[in-house]
Each structure stands twice: as structure tokens, then as C-alpha cells.
Amino acid sequence: LSRALDAWNKHEAQAAKKGFDFAYKCKNGDRQGGFLEDIAYFDYSVITKWGRVDESMISFGSFGISYTGGVHPMHGEGGTTFDAKTGKEVPLAAIVTSREALLRALAAAFRTQYPGREEDLFAYDIEEQLKRFHTPEKGFDTFSWYMGTRGELVFLYPPYALGPYSSGDFTLTIERADAPELFTEAYPLK
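Those letters in the sequence shown? Residues 0 to 189, by our numbering.
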């Protein structure tokens with residue numbers, strides 16, 4: 000686990016360096032283009048939420064933001080989950096029984112947690128928007144998640160994932176009691 004966290008940290012550091020290099024190029028381009036404005040460029044990511052941390056799993060959420068000019072910075076949350084014994088990242092497919100059951104549970108969670116907000120989505124319908132964002136050919140690759148302290152699944156959607164920037168972020172939480180058929184027997188809570 001220590002090696003896995005160290006590798007993850009190095010990966011994050013490399014991503015930040017790439018962001019810094021990109022921001023530096025943007026700033027330099029502004030100078031060469033004759034812009035006199037002093038625009039702050041930045042890129043960073045930090046762990047902001049700890050989820051499940053025990054002898055089986057370490058799971059957390061992180062927040063990243065970058066600004067390279069324009070109307071607003073880009074930001075988003077991401078989730079990371081490691082098996083505490085092997086140090087390998089836990090795939091979502093090991094936690095949920097099926098993609099279809101997950102999409103149904105996410106739609107139900109959205110309607111419960113954000114009542115009346117479907118008009119804020121690109122598709123004006125949560126089921127349709129989830130299908131557009133989580134296309135079948137991508138499998139589970141488009142889901143950003145972590146496991147919460149009670150074994151619930153927390154899914155993170157930054158601006159532009161489900162709706163325009165003005166709609167904001169959406170965090171959808173699926174409790175085990177609300178969707179028991181969704182969860183596999185892997186990583187049970189004691």
C-alpha cells in the first residue's frame with residue numbers, strides 16, 4: 000500500500016508539473032502577444048475528503064483546479080480507492096454488480112438528492128444524461144468515485160459532466176441500504 004500511495008503521489012506530482020509547464024507557456028504566450036494584464040495561472044490538486052480507511056481499503060476524494068485564462072477556472076473532484084492489502088487500485092467493477100444497476104441507482108440518487116434539478120442538465124433528464132456521459136463502450140472508465148466511511152459509494156460529477164458550468168458540481172451518494180442489489184460481496188464492512 001505504501002508503494003501504491005507513493006506511486007499515486009508521484010503521478011499527481013507529474014500531472015501538476017505538466018499543468019505548471021502548460022500555465023507557464025500560456026503566460027509566456029501572453030507576454031509575447033503583447034498582453035500587459037497580469038493573469039494568474041495555476042493548477043493544483045489536493046485530497047479533500049477521506050472515505051473508507053481500514054485494513055481492507057483506503058478511499059478518498061480529491062479536488063483539482065486549473066486556470067489558464069478565460070471566464071473561469073476549470074475544477075473537478077475525483078475519487079481514488081486502493082486495496083489496503085495489495086496496494087492495487089480497486090476497480091468499480093469489483094464493487095458493483097452491473098453497469099445498468101449502477102446507472103439506475105445513480106438516477107434514483109440524483110432525483111432524491113437534487114429534486115427538481117433535471118432541467119439543469121444538458122439532456123433535461125437524468126437517465127438520458129447518464130447514458131450520454133457513461134457510454135457503454137467506456138465500461139466503468141468514466142465513473143469518478145470513492146467509498147465513503149459507511150460503505151456508501153460517492154460519485155463525483157464536475158461542471159460540464161451532466162450540465163453546464165452554471166449548474167455546478169453534482170455529488171451523488173448511493174447508500175447500501177438504498178440499493179442492496181447493487182453491491183457485490185467484495186470489501187464487506189464488518
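No wet-lab data here; the hints were simulated from the structure. A quick note: this is a predicted structure, and the numbers were derived from the prediction, not measured. Among the clues, some could well be false.
Dumping the calculated DSSO-like pairs for lysine-lysine here, alpha-carbon to alpha-carbon at most 30 Å [unchecked claim]:
(1) Lys130 <-> Lys24
(2) Lys24 <-> Lys84
(3) Lys137 <-> Lys48
(4) Lys130 <-> Lys9
(5) Lys87 <-> Lys24
(6) Lys84 <-> Lys130
(7) Lys84 <-> Lys137
(8) Lys24 <-> Lys189
(9) Lys130 <-> Lys16
(10) Lys137 <-> Lys17
For each label pair, taking beta carbons as the anchor points, the in silico distance ranges come out as [what the hints assert, rightly or not]:
(11) Thr148 <-> Glu127: 14 to 20 Å
(12) Asp177 <-> Asp119: 21 to 27 Å
(13) His74 <-> Arg149: 34 to 40 Å
(14) Gly115 <-> Lys189: 14 to 20 Å
(15) Gly138 <-> Ser55: 22 to 28 Å
Note that beta-carbon positions come from the ideal geometry of N, C-alpha and C, so glycine has one too.
Hints that the structure is at odds with (numbers, increasing): Per hint list: 1, 2, 4, 5, 6, 8, 9, 11, 13, 14 violated.
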